[in-house]
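Visitor: What follows is the residue order along each chain.
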Amino acid sequence: MEKKNILNINDLSISFGKNEVIHNISYNLNSNEILGIVGESGSGKSVSSLAILGLLPKHISKITSGRILYNEIDLTVLPNKSFQNIRGNKIAMIFQEPMSSLNPSMTCGKQVQEILLQHTKLSKNEAKEETLLLFEKVKLPDIKHTYDKYPHEISGGQKQRVMIAMAIACKPDILIADEPTTALDVTVQKDIIELLKKLQIDTKMSIIFITHDLSLISEIADRILVMYKGDIVEAGLATSIFKNPQHNYTKALINSRPTLDTRLKTLPTIQDFLNNTTSNEVITTQQRKKNHEILYNTTPLLEVINVEKEYISKSGWFTKPNTFKAVNNISFKLYERETLGLVGESGCGKSTLGNAILQLDKATTGQILYKGIDITKLSKKDTRKLRKDIQIIFQDPYSSLNPRIPVGEAIMEPMKVHKLYKSDIKRKEKVIDILNRVGLSEDYFNRYPHEFSGGQRQRIGIARTIALQPKLIVCDESVSALDISIQAQVLNLLNELKVAFGFTYIFISHDLAVVKYMSDQLLVMNKGKIEELDDADIIYNHPKKDYTKKLIQAIPKGL
Amino acid sequence: MSHKSNSLKQLALQKFKRNFWGVFSFYFIVLVGVISVFAYVLAPDNSQYANQMHLAIHSKKPGFKVQMLIMPSQLKTNQGVFDKIFFGKKNVNTEIPISEYRIENSILTYKEYASDGLKGTEKTIKTDLLLNHSPKDFIKEKSFLFGTDKYGRDLLSRVLVGARISFFIGFVAVFISLVIGIFMGSLAGYFGGKVDAVIMWIINVTWSIPTLLLVIAITLALGKGFWQVFIAVGLTMWVEVARVVRGQIISAKEMQYVTAARALGFNDFRIITKHILPNIMAPVIVISAANFAAAILIESGLSFLGIGAQPPMASWGAMIKDHYNYIILGKPYLAIIPGLCIMSLVMAFMLIGDALRDALDVKS
Numbered sequence: 001m002e003k004k005n006i007l008n009i010n011d012l013s014i015s016f017g018k019n020e021v022i023h024n025i026s027y028n029l030n031s032n033e034i035l036g037i038v039g040e041s042g043s044g045k046s047v048s049s050l051a052i053l054g055l056l057p058k059h060i061s062k063i064t065s066g067r068i069l070y071n072e073i074d075l076t077v078l079p080n081k082s083f084q085n086i087r088g089n090k091i092a093m094i095f096q097e098p099m100s101s102l103n104p105s106m107t108c109g110k111q112v113q114e115i116l117l118q119h120t121k122l123s124k125n126e127a128k129e130e131t132l133l134l135f136e137k138v139k140l141p142d143i144k145h146t147y148d149k150y151p152h153e154i155s156g157g158q159k160q161r162v163m164i165a166m167a168i169a170c171k172p173d174i175l176i177a178d179e180p181t182t183a184l185d186v187t188v189q190k191d192i193i194e195l196l197k198k199l200q201i202d203t204k205m206s207i208i209f210i211t212h213d214l215s216l217i218s219e220i221a222d223r224i225l226v227m228y229k230g231d232i233v234e235a236g237l238a239t240s241i242f243k244n245p246q247h248n249y250t251k252a253l254i255n256s257r258p259t260l261d262t263r264l265k266t267l268p269t270i271q272d273f274l275n276n277t278t279s280n281e282v283i284t285t286q287q288r289k290k291n292h293e294i295l296y297n298t299t300p301l302l303e304v305i306n307v308e309k310e311y312i313s314k315s316g317w318f319t320k321p322n323t324f325k326a327v328n329n330i331s332f333k334l335y336e337r338e339t340l341g342l343v344g345e346s347g348c349g350k351s352t353l354g355n356a357i358l359q360l361d362k363a364t365t366g367q368i369l370y371k372g373i374d375i376t377k378l379s380k381k382d383t384r385k386l387r388k389d390i391q392i393i394f395q396d397p398y399s400s401l402n403p404r405i406p407v408g409e410a411i412m413e414p415m416k417v418h419k420l421y422k423s424d425i426k427r428k429e430k431v432i433d434i435l436n437r438v439g440l441s442e443d444y445f446n447r448y449p450h451e452f453s454g455g456q457r458q459r460i461g462i463a464r465t466i467a468l469q470p471k472l473i474v475c476d477e478s479v480s481a482l483d484i485s486i487q488a489q490v491l492n493l494l495n496e497l498k499v500a501f502g503f504t505y506i507f508i509s510h511d512l513a514v515v516k517y518m519s520d521q522l523l524v525m526n527k528g529k530i531e532e533l534d535d536a537d538i539i540y541n542h543p544k545k546d547y548t549k550k551l552i553q554a555i556p557k558g559l
Numbered sequence: 001m002s003h004k005s006n007s008l009k010q011l012a013l014q015k016f017k018r019n020f021w022g023v024f025s026f027y028f029i030v031l032v033g034v035i036s037v038f039a040y041v042l043a044p045d046n047s048q049y050a051n052q053m054h055l056a057i058h059s060k061k062p063g064f065k066v067q068m069l070i071m072p073s074q075l076k077t078n079q080g081v082f083d084k085i086f087f088g089k090k091n092v093n094t095e096i097p098i099s100e101y102r103i104e105n106s107i108l109t110y111k112e113y114a115s116d117g118l119k120g121t122e123k124t125i126k127t128d129l130l131l132n133h134s135p136k137d138f139i140k141e142k143s144f145l146f147g148t149d150k151y152g153r154d155l156l157s158r159v160l161v162g163a164r165i166s167f168f169i170g171f172v173a174v175f176i177s178l179v180i181g182i183f184m185g186s187l188a189g190y191f192g193g194k195v196d197a198v199i200m201w202i203i204n205v206t207w208s209i210p211t212l213l214l215v216i217a218i219t220l221a222l223g224k225g226f227w228q229v230f231i232a233v234g235l236t237m238w239v240e241v242a243r244v245v246r247g248q249i250i251s252a253k254e255m256q257y258v259t260a261a262r263a264l265g266f267n268d269f270r271i272i273t274k275h276i277l278p279n280i281m282a283p284v285i286v287i288s289a290a291n292f293a294a295a296i297l298i299e300s301g302l303s304f305l306g307i308g309a310q311p312p313m314a315s316w317g318a319m320i321k322d323h324y325n326y327i328i329l330g331k332p333y334l335a336i337i338p339g340l341c342i343m344s345l346v347m348a349f350m351l352i353g354d355a356l357r358d359a360l361d362v363k364s
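Those protein sequence lines, which keep their order, are chains A and B. If you read the first sequence in UniProt numbering, its first letter stands for residue 1, the second for the next number, and so on. If you read the second sequence in UniProt numbering, its first letter stands for residue 1, the second for the next number, and so on.
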């Protein structure tokens with residue numbers, strides 16, 4: 001097949017204020033290929049692609065040098081007016097968040113039709129025909145109905161399909177997909193990836209696929225660029241990058257994600273690769289078995305018996321209220337020093353179950369026994385006391401810390417409330433101790449949360465949680481919002497703390513690979529019910545239910 | 001070595017400092033504040049409420065000058081120094097504007113001042129005063145920088161003393177509105193459900209009553225007077241604060257750090273006061289600045305209608321009311337000067353509110 005160079009980026013540098021975020025990058029895109037750009041948040045992968053479309057925020061950013069050539073036209077100097085003919089028409093884009101990139105007050109069909117009317121000379125009826133064809137192409141179910149549906153009436157995956165339909169409506173030469181599947185469940189992600197691949201083959205357009213997930217990109221892309229702090233550190237064919245990475249950063253990116261077949265004692269981080277201190281110590285099956293024998297001979301720390309959580313939605317005054325069981329008849333036992341993994345797609349009720357155990361959201365029926373006491377029946381005062389023992393680590397490190405309280409005080413506050421230690425001086429010593437424990441220095445005591453990076457904030461959140469010396473910690477998607485290399489660090493930290501303090505974890509995540517790495521027992525949830533509950537390795541190697549099989553299959557495994 | 005840490009508050013302050021009109025308004029407000037506190041020290045007429053009348057020289061132009069015969073008061077009072085400085089002299093000398101005088105044998109003959117080409121009457125008095133003092137001590141030329149009002153009082157002094165009312169009503173009304181508004185808003189927003197429904201009812205009912213009518217009703221119930229007005233205005237303003245606080249709390253409640261605080265076993269009071277309120281203060285501060293301005297306007301409106309501060313108390317609104325009919329009689333300055341004062345103070349609060357809103361909006 002003949003390959004033509006259609007997009008050429010030469011020596012591009014972009015600055016935000018005085019801060020250069022892209023340093024002289026050059027790459028080109030051929031026709032009829034999928035180019036993957038991979039990197040962590042802040043690596044500049046999105047910024048460089050926004051520049052192609054001329055969508056950089058006007059006042060704060062500037063292209064300081066370089067050219068972007070699309071079919072011999074320099075896009076960096078193109079006036080806004082002529083850009084409109086290219087944007088959406090020749091170069092289209094799909095965004096990460098399908099929930100917010102569709103207009104909620106317009107039907108899906110109308111939104112696609114609007115683009116066609118804007119860029120082509122089709123009549124209204126022809127545009128509608130064309131829209132229905134497009135919907136069929138992106139495999140939306142029941143296209144006639146979906147045409148008249150509003151965005152809130154369809155699922156996230158379907159919304160992303162509508163977005164793709166919009167993007168390919170004008171048969172663009174280039175499609176830029178910026179993390180198009182990050183907000184979606186793994187099974188949906190798989191479908192979307194397959195769809196994009198098929199569309200690419202059918203239409204012979206070029207796709208720039210931006211993601212942070214290297215194994216995902218290796219499944220779809222022909223060529224890959226690895227970006228790190230505004231530089232392209234490695235570029236090449238997908239197979240060569242994945243099989244034979246040259247740069248330390250790429251190596252770290254590939255290896256810091258927990259693998260599915262072996263269980264490393266500690267995950268390698270970027271720092272390890274830079275210092276060449278990676279250890280390949282593996283926890284063998286025998287070690288695991290021995291450990292479990294000791295574990296399961298104790299009395300359970302937490303026992304969840306037939307717990308249900310029902311939500312009632314009232315739609316009208318005279319209609320019957322709709323009930324929806326977010327958690328349906330769940331029972332399990334949790335032993336001290338064990339890690340229970342809880343995995344499932346979004347909306348399966350895994351967080352609701354976590355909140356019920358934490359007593360943040362009371363269960364409708366059922367018992368939760370903690371050390372033999374039913375905690376669902378405790379008074380408000382006793383519940384507050386119980387909080388010392390059962391703690392949570394949150395998903396979003398940005399919103400889980402109060403922005404107006406310095407981190408030292410934030411960690412100290414729970415100690416004060418629960419009257420741990422005698423004086424503030426003692427408490428402060430302890431806080432500094434904990435800060436050191438989670439890998440932060442004591443200089444950070446008086447700093448505010450907004451001065452930290454995401455990974456550091458997650459450490460602070462963990463520090464605040466362990467300040468109370470809890471027994472049981474619920475990790476609710478605690479690493480989902482973090483970059484892969486930081487994720488590895490936090491997972492290592494969690495495992496380290498578990499050994500040091502004897503914590504028991506309930507590890508909730510949608511990411512099966514991470515959950516499998518962390519857990520002893522694994523609980524697969526679907527639509528509020530338990531699908532499967534067994535040892536993590538057993539479930540992964542011999543899944544019994546179809547749902548579990550589907551889930552395992554959908555994990556991008558790379559090449 | 002020591003890292004200087006920037007709290008969000010400090011960042012906001014830095015941003016505020018860069019806003020010229022915000023800083024300018026801030027200093028203007030501080031200036032008015034100082035003036036209102038030390039009004040009696042600064043005012044030429046330091047009698048209580050700047051109420052020294054000279055009917056003969058009523059409604060004169062700014063910069064008017066006249067000779068004044070000052071006769072010390074015969075009454076003795078024991079008013080403290082602080083009382084004098086902050087509330088004005090209760091016992092004042094008698095002042096008589098005169099056009100000419102002569103002294104013969106300890107008898108003082110003077111001609112009273114008369115305007116518009118009229119002739120003043122001649123009067124004589126015999127006092128001991130003349131024995132011990134030279135005439136210069138009790139006959140002085142007085143100038144009225146802003147002219148005189150319709151009772152011949154010094155307009156400048158009254159404007160200065162009047163600043164007090166405007167300033168205090170702002171403070172008291174905003175304080176009352178904040179106390180009630182934050183309390184009610186927090187309860188409604190944080191607990192939701194029935195508590196919210198009840199409080200929202202109260203808010204909606206209070207809101208549906210026209211502000212001015214409510215204030216009139218309250219002043220009628222509590223009696224006329226300026227304290228009543230303070231309270232009445234405060235009671236009408238809490239509604240907006242409560243609504244803002246409620247809305248903010250409902251969204252702040254969903255933040256993970258609030259859930260974190262709950263999970264850490266903090267009680268509701270601690271969560272509201274330490275974790276929610278500090279994070280929602282920005283819009284509350286902004287609305288307080290606007291309320292401050294609105295309170296000043298309502299007070300002047302009420303004074304204009306005659307149910308605000310009662311004479312002889314000086315208030316900008318009342319001064320306009322006293323003199324608005326002079327506007328068409330060729331002496332507009334009597335009403336325009338207090339009008340400009342109200343406008344500039346209100347405007348300063350509006351500008352500072354705007355600047356604060358921009359400054360407090362620190363997201364990154």
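By construction, these hints were calculated from the structure, which means they are not laboratory data. There may be inaccurate statements among the hints.
[As the list claims (entries may be wrong)] Residues from chain B that keep clear of chain A, each with C-beta distances beyond 10 angstroms, as calculated:
1) Gln14
2) Ile85
3) Leu214
4) Ala260
[As the list claims (entries may be wrong)] Cut-off 27 angstroms, straight-line C-alpha distance, at most; resulting in silico cross-link-like pairs (DSSO-like, lysine-lysine):
5) B:Lys274 with A:Lys380
6) B:Lys17 with A:Lys320
7) B:Lys194 with A:Lys18
8) B:Lys194 with A:Lys377
9) A:Lys419 with B:Lys274
Where a beta carbon is used, it is the ideal one built from N, C-alpha and C, also for glycine.
Visitor: What are the numbers of the hints that this structure violates, sorted from low to high?
Guide: Violated: hints 4, 6, 7.
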